[in-house]
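*Asks:* What follows is each chain in one-letter form.
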Amino acid sequence: MAGIYIHIPFCKQACHYCDFHFSTSLRHKSSVVTAICQEIALQQQYLGNQTINTIYFGGGTPSLLSSEELLQIFSTLHRCFNIAPDAEITLEANPDDLTKAKLQELAASPVNRLSIGIQSFHEEHLRRMNRAHNAQEAYYSVLYAQDAGFTNITTDLIYGIPAPSHELWLADLTKLFSLQVQHVSCYALTIEEKTALGRWTKKGSFKPSEDEFVAEQFEILVAQMQAHGFTQYEISNFCLPGFESKHNSNYWRGVHYLGLGPSAHSFNSHSRQYNVANNAKYLTALTQNQLAFEREELTVVDQANEYLLTSLRTIWGCDLNRLRQFGVDLRVQQKEYLDELLQKEYIRIQDEVLYLTDKGKLLADQITLDLFLEPQAQA
Amino acid sequence: MKNIRNFCIIAHIDHGKSTLADRLLEFTSTVAEREMQDQLLDNMDLERERGITIKSHAIQMNYHYKGEDYVLNLIDTPGHVDFSYEVSRSIAACEGALLIVDSSQGIEAQTISNLYLAIGNDLEIIPVLNKIDLPHSMPEEVSDEIIDLIGCDKSDIIHASGKAGIGIENILNAICDRIPAPKGDPKAPLQALIFDSVFNSYRGIEVYFRIMNGTLKKGDKVKFVNTGKIYNADEIGVLKLNQEPREEMRAGDVGYLISGIKNAKEVKVGDTITTVENPTQESIQGFEEVKPMVFAGIYPVETSEFEELRSAMEKLQLNDASLVWEPESSVALGFGFRCGFLGMLHMEIVQERLEREFDMTVITTVPSVQFKVFSTKGDEITVNAPSDMPEPNYIDRIEEPFIKAQIITKSDYVGAIISLCMDKRGQIKNQNYLTSDRVEMVFEMPLAEIVFDFFDKLKTLSRGYASLDYELIGFRTSHLVKLDIMLNGEKVDALSAIVHRDKAYDWGRRLCEKLKELLPRQMFEIAIQAAIGQKIISRETISAMRKNVLAKCYGGDISRKRKLLEKQKKGKKRMRQVGNVEIPQEAFLAVLKLD
Numbered sequence: 001m002a003g004i005y006i007h008i009p010f011c012k013q014a015c016h017y018c019d020f021h022f023s024t025s026l027r028h029k030s031s032v033v034t035a036i037c038q039e040i041a042l043q044q045q046y047l048g049n050q051t052i053n054t055i056y057f058g059g060g061t062p063s064l065l066s067s068e069e070l071l072q073i074f075s076t077l078h079r080c081f082n083i084a085p086d087a088e089i090t091l092e093a094n095p096d097d098l099t100k101a102k103l104q105e106l107a108a109s110p111v112n113r114l115s116i117g118i119q120s121f122h123e124e125h126l127r128r129m130n131r132a133h134n135a136q137e138a139y140y141s142v143l144y145a146q147d148a149g150f151t152n153i154t155t156d157l158i159y160g161i162p163a164p165s166h167e168l169w170l171a172d173l174t175k176l177f178s179l180q181v182q183h184v185s186c187y188a189l190t191i192e193e194k195t196a197l198g199r200w201t202k203k204g205s206f207k208p209s210e211d212e213f214v215a216e217q218f219e220i221l222v223a224q225m226q227a228h229g230f231t232q233y234e235i236s237n238f239c240l241p242g243f244e245s246k247h248n249s250n251y252w253r254g255v256h257y258l259g260l261g262p263s264a265h266s267f268n269s270h271s272r273q274y275n276v277a278n279n280a281k282y283l284t285a286l287t288q289n290q291l292a293f294e295r296e297e298l299t300v301v302d303q304a305n306e307y308l309l310t311s312l313r314t315i316w317g318c319d320l321n322r323l324r325q326f327g328v329d330l331r332v333q334q335k336e337y338l339d340e341l342l343q344k345e346y347i348r349i350q351d352e353v354l355y356l357t358d359k360g361k362l363l364a365d366q367i368t369l370d371l372f373l374e375p376q377a378q379a
Numbered sequence: 001m002k003n004i005r006n007f008c009i010i011a012h013i014d015h016g017k018s019t020l021a022d023r024l025l026e027f028t029s030t031v032a033e034r035e036m037q038d039q040l041l042d043n044m045d046l047e048r049e050r051g052i053t054i055k056s057h058a059i060q061m062n063y064h065y066k067g068e069d070y071v072l073n074l075i076d077t078p079g080h081v082d083f084s085y086e087v088s089r090s091i092a093a094c095e096g097a098l099l100i101v102d103s104s105q106g107i108e109a110q111t112i113s114n115l116y117l118a119i120g121n122d123l124e125i126i127p128v129l130n131k132i133d134l135p136h137s138m139p140e141e142v143s144d145e146i147i148d149l150i151g152c153d154k155s156d157i158i159h160a161s162g163k164a165g166i167g168i169e170n171i172l173n174a175i176c177d178r179i180p181a182p183k184g185d186p187k188a189p190l191q192a193l194i195f196d197s198v199f200n201s202y203r204g205i206e207v208y209f210r211i212m213n214g215t216l217k218k219g220d221k222v223k224f225v226n227t228g229k230i231y232n233a234d235e236i237g238v239l240k241l242n243q244e245p246r247e248e249m250r251a252g253d254v255g256y257l258i259s260g261i262k263n264a265k266e267v268k269v270g271d272t273i274t275t276v277e278n279p280t281q282e283s284i285q286g287f288e289e290v291k292p293m294v295f296a297g298i299y300p301v302e303t304s305e306f307e308e309l310r311s312a313m314e315k316l317q318l319n320d321a322s323l324v325w326e327p328e329s330s331v332a333l334g335f336g337f338r339c340g341f342l343g344m345l346h347m348e349i350v351q352e353r354l355e356r357e358f359d360m361t362v363i364t365t366v367p368s369v370q371f372k373v374f375s376t377k378g379d380e381i382t383v384n385a386p387s388d389m390p391e392p393n394y395i396d397r398i399e400e401p402f403i404k405a406q407i408i409t410k411s412d413y414v415g416a417i418i419s420l421c422m423d424k425r426g427q428i429k430n431q432n433y434l435t436s437d438r439v440e441m442v443f444e445m446p447l448a449e450i451v452f453d454f455f456d457k458l459k460t461l462s463r464g465y466a467s468l469d470y471e472l473i474g475f476r477t478s479h480l481v482k483l484d485i486m487l488n489g490e491k492v493d494a495l496s497a498i499v500h501r502d503k504a505y506d507w508g509r510r511l512c513e514k515l516k517e518l519l520p521r522q523m524f525e526i527a528i529q530a531a532i533g534q535k536i537i538s539r540e541t542i543s544a545m546r547k548n549v550l551a552k553c554y555g556g557d558i559s560r561k562r563k564l565l566e567k568q569k570k571g572k573k574r575m576r577q578v579g580n581v582e583i584p585q586e587a588f589l590a591v592l593k594l595d
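In order, the protein sequences belong to chains H and E.
All letters in the first sequence, in the order written, are residues 1 to 379 by full-length UniProt numbering.
All letters in the second sequence, in the order written, are residues 1 to 595 by full-length UniProt numbering.
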């Protein structure tokens with residue numbers, strides 16, 4: 001079992017909050033696709049003989065790919081990897097790309113799960129984030145996708161956008177529930193340094209919301225999702241029973257994955273490697289049939305810390321016995337701290353699995369770093 | 001001896017002393033031009049950067065004038081009030097002084113006090129109007145100021161520009177013509193004044209001296225009168241750009257002595273060198289033990305680096321004898337040192353040298369002065385750290401050091417400066433117009449008030465047009481209290497301060513507010529309180545952390561996120577813990593910059 005991630009580093013325009021790797025010039029789109037196919041061939045041994053059961057097109061904006069380009073990638077994948085017949089194949093799409101015609105093409109392709117970047121149904125918020133679509137396009141793109149036959153749809157929403165009250169957030173959620181999608185990812189607006197919002201925040205012309213405001217919206221989100229039958233299987237991910245993202249869940253379960261395309265990351269238990277986050281450098285390397293990546297070997301401490309970091313965010317929790325295999329016994333090494341967390345109801349422990357409570361989820365990073373092993377202890 | 005001229009330079013910071021000195025060295029070919037580095041005398045990096053002289057130095061020039069060969073010894077003086085004792089010893093080693101005044105700025109407070117020192121030592125003063133080439137120079141007004149001050153003739157004042165090289169020859173000629181040759185008897189018992197010492201890691205301490213009477217030969221057994229220690233004069237010589245060894249030096253000469261001394265503490269500026277064989281009966285007058293005025297704790301940022309800090313302090317002390325310290329410990333900061341400094345600049349210099357030369361980052365606590373506490377039982381206790389202060393019920397009264405502060409400024413800023421000084425518990429004693437728009441003011445105020453952000457404020461509100469000089473005038477009774485800061489009920493000893501009762505409330509409130517800004521939220525509420533004894537005078541609350549979670553954690557985010565959290569954990573580890581509250585270092589430093 002393994003996954004493949006393909007990064008499509010192109011966007012029509014830059015959203016003000018996004019610091020992923022992309023280019024707004026589409027000039028090199030087809031050459032990057034060719035290079036990705038080249039990379040697939042070069043990397044066919046990376047996952048050993050494991051069967052591929054998830055493929056994920058992320059970006060950037062993968063919905064900018066033409067059906068020919070998509071086919072080119074799929075046929076290369078099939079040539080080089082053993083792909084399970086029931087593999088989950090997700091493609092991220094922006095509402096403005098999802099015309100009825102485009103959706104017909106996608107429905108005819110191997111893609112069987114659509115991730116639609118709605119972000120908000122509120123016109124003003126979409127404008128402030130510099131999204132390429134309006135509120136109406138956002139809404140109809142989901143309906144059209146369903147009409148085209150997609151039965152596994154996820155949508156992204158952003159909360160914590162500065163606003164006078166929680167009214168807009170509630171309205172966004174209500175509208176979303178009316179669409180009856182199977183899966184939702186909700187992200188608190190995060191101000192990244194190298195974005196427009198980051199620069200404006202530094203200058204003082206943009207004022208991010210207070211933690212309290214964002215925390216309240218998170219609480220509203222969790223309550224609303226529960227009321228509508230969604231399970232929070234990871235801090236930012238909610239689904240109807242059986243509709244977890246297999247691909248993303250595998251990231252949190254330590255399943256191996258191969259990342260293709262500029263800036264994509266790969267993982268094989270003992271190391272992580274990341275492709276150069278620069279389209280031109282990526283193209284140059286692959287034109288010469290060479291890979292352009294950096295590799296980081298993971299020490300046992302790194303592996304334990306990554307396990308803590310990812311598992312605590314999920315509904316499956318952090319297995320204290322699994323940590324013991326890394327040589328960490330939290331029950332012994334962090335006894336006082338765990339007692340404090342238990343007493344304050346930030347965590348619960350059941351059958352030697354540690355779970356964050358709803359209250360604890362808001363402090364996931366704090367708790368994780370407190371539980372982290374010291375990197376110095378590596379020796 | 002008749003062709004020796006020993007002189008120093010009296011000037012305010014920025015008035016161009018170093019540049020002018022460089023020109024003298026060039027003109028007399030003491031340095032070849034290719035060896036010339038700006039501000040040659042300031043050979044510590046720190047000095048060159050800050051444009052101030054921290055330690056005094058000396059250099060010898062040869063000059064041919066009116067058919068005679070002259071030896072000119074320039075003894076440089078430190079340009080800061082913290083080092084006034086060193087200045088007085090340098091002056092005592094000279095017969096003359098160049099008074100350098102920036103013709104665009106006029107005389108400053110410190111120049112005046114150093115000038116009075118020089119006049120008091122009967123030095124011949126040669127006034128030099130510097131930076132004469134600047135478009136906004138005011139030679140007439142500034143000349144009048146100089147004439148008022150030293151009563152010279154207008155024609156005695158030399159116009160010069162170090163930068164443009166104007167007047168250099170006139171200055172050299174005036175040194176030969178006007179400054180008297182040293183007096184002294186080469187046959188008398190040796191009497192040499194130590195005016196400075198420099199640490200050389202290969203050769204030990206180099207002692208700089210001026211022979212007042214007698215003769216010193218290489219190999220002589222010498223005795224330092226005040227310390228009583230005896231050494232062998234392994235090498236003696238004169239100070240050119242490089243040292244030039246000599247076999248013998250006589251009354252009037254300025255030079256260096258190397259005798260294998262390892263520790264700067266053994267060499268006290270102002271001490272007298274004599275020979276064991278034929279010792280002098282009297283030491284040179286004016287010797288004092290330098291006493292620290294300002295005290296603060298210095299702690300390693302990493303608690304584990306205490307021993308490294310100790311070794312850095314020991315090395316620093318090898319060439320900074322005025323630095324005193326002893327180990328102390330703090331609940332909040334762990335193990336560190338209580339240090340005594342000559343003044344605030346000295347404290348900053350020590351801190352900076354620790355960072356630059358020893359790569360030690362340190363936390364400095366609130367500076368304090370030395371208080372005399374009289375207990376109800378009638379005994380006297382010396383207190384230079386808030387933690388040494390007895391409980392209020394044992395205290396009969398507290399005395400604190402007072403100073404006489406002399407400030408010279410433009411008349412526009414008089415009002416603002418008076419209110420600053422009043423705010424600092426100062427009393428104005430005198431106000432005197434030097435010219436129509438330059439005023440000299442004299443205040444009496446507690447030293448404690450100026451060790452803390454006073455100088456910065458003075459500079460700010462006068463836009464740099466104010467100079468300060470001060471001297472200690474004794475101890476006076478004041479109503480002082482110890483103010484404590486508590487986090488969730490636990491005292492943070494490193495944030496305690498001894499303050500005047502009337503200011504305690506304001507101080508406490510501002511400190512609580514500042515800490516509220518600087519302490520990170522934790523998973524529980526934090527109460528910040530300021531207290532005098534048992535009485536709480538101010539309180540702020542930091543509510544518990546509400547949210548700390550990143551939105552996304554997918555394939556490409558995991559390693560970045562792990563590293564981010566590891567970095568935060570490391571940052572947290574560097575914090576100090578009092579009770580259950582973690583305190584970042586900035587919080588300790590911020591106390592030094594309240595406002």
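There could be a bad hint or two in this list.
Stated by the list, open to error - In silico DSS-like links for lysine-lysine, alpha-carbon gap of 30 Å or less: (1) H:Lys207 x E:Lys563; (2) E:Lys516 x H:Lys207; (3) E:Lys457 x H:Lys202; (4) H:Lys344 x E:Lys569; (5) E:Lys563 x H:Lys246; (6) H:Lys202 x E:Lys563; (7) H:Lys344 x E:Lys262; (8) E:Lys516 x H:Lys202; (9) H:Lys246 x E:Lys262; (10) E:Lys291 x E:Lys262; (11) H:Lys344 x E:Lys514; (12) H:Lys335 x E:Lys262; (13) H:Lys194 x E:Lys262; (14) H:Lys203 x E:Lys567.
Unchecked claim - Here are the in silico distance ranges between beta carbons for each label pair: (15) E:Glu586 x H:Leu143: 49 to 59 Å; (16) E:Arg574 x H:Ser271: 27 to 37 Å; (17) H:Thr357 x E:Phe455: 46 to 56 Å; (18) H:Ala41 x E:Glu586: 51 to 61 Å; (19) H:Asn130 x E:Ile536: 47 to 57 Å.
Just so you know, these hints were derived from the structure itself, not from any lab.
We put the CB at the ideal spot given by N, CA and C, even for glycine.
*Asks:* Run every hint past the structure and note whether it holds.
*Replies:* Tested hints:
Distance check on the hinted pair: Lys207 of chain H and Lys563 of chain E sit about 27 Å apart at the alpha-carbon level, within 30 Å; holds. Proximity of Lys516 of chain E to Lys207 of chain H is assessed by CA-CA distance (about 20 Å); at most 30 Å being required, the pair is judged to hold. Distance restraint check for Lys457 of chain E and Lys202 of chain H: the Cα-Cα separation of roughly 29 Å lies within the 30 Å cut-off, and the hinted pair is therefore satisfied. A C-alpha spacing of about 21 Å is found between Lys344 of chain H and Lys569 of chain E, which places the hinted pair at or below 30 Å, so the restraint holds.
Distance hint between Lys563 of chain E and Lys246 of chain H is fulfilled; the C-alpha atoms sit about 26 Å from each other, no more than 30 Å. For a cut-off of 30 Å, the pair hint linking Lys202 of chain H to Lys563 of chain E stands: about 23 Å separates their Cα positions. For the suggested pair Lys344 of chain H and Lys262 of chain E, the alpha carbons sit about 60 Å apart, so the restraint of at most 30 Å is broken. Only pairs whose Cα atoms come within 30 Å are accepted, and Lys516 of chain E paired with Lys202 of chain H is accepted, the gap being roughly 21 Å.
Between Lys246 of chain H and Lys262 of chain E the CA atoms are separated by roughly 72 Å; this puts the pair beyond 30 Å, and the hint is violated. For a cut-off of 30 Å, the pair hint linking Lys291 of chain E to Lys262 of chain E stands: about 22 Å separates their Cα positions. Restraint check: the Cα-Cα separation between Lys344 of chain H and Lys514 of chain E comes to about 29 Å, which is no more than 30 Å; the hinted pair holds. Between Lys335 of chain H and Lys262 of chain E, the direct Cα distance comes to roughly 53 Å. Violation of the 30 Å bound is thereby established for this hinted pair.
Of the supplied pair hints, the one linking Lys194 of chain H and Lys262 of chain E is violated, its CA atoms being roughly 55 Å apart against a limit of 30 Å. Restraint check for Lys203 of chain H and Lys567 of chain E: the C-alpha separation of about 25 Å stays at or below 30 Å, so the hint holds. About 53 Å separates the C-beta atoms of Glu586 of chain E and Leu143 of chain H, a value consistent with the hinted range of 49 to 59 Å. Taking the beta carbon of each, Arg574 of chain E and Ser271 of chain H are about 30 Å apart, inside 27 to 37 Å as hinted.
Between Thr357 of chain H and Phe455 of chain E, the C-beta spacing of about 54 Å keeps the proposed range 46 to 56 Å intact. At roughly 53 Å, the beta-carbon separation of Ala41 of chain H and Glu586 of chain E lies within the given 51 to 61 Å, and the hint holds. The given range of 47 to 57 Å is respected by Asn130 of chain H and Ile536 of chain E, whose C-beta atoms sit roughly 51 Å from each other.
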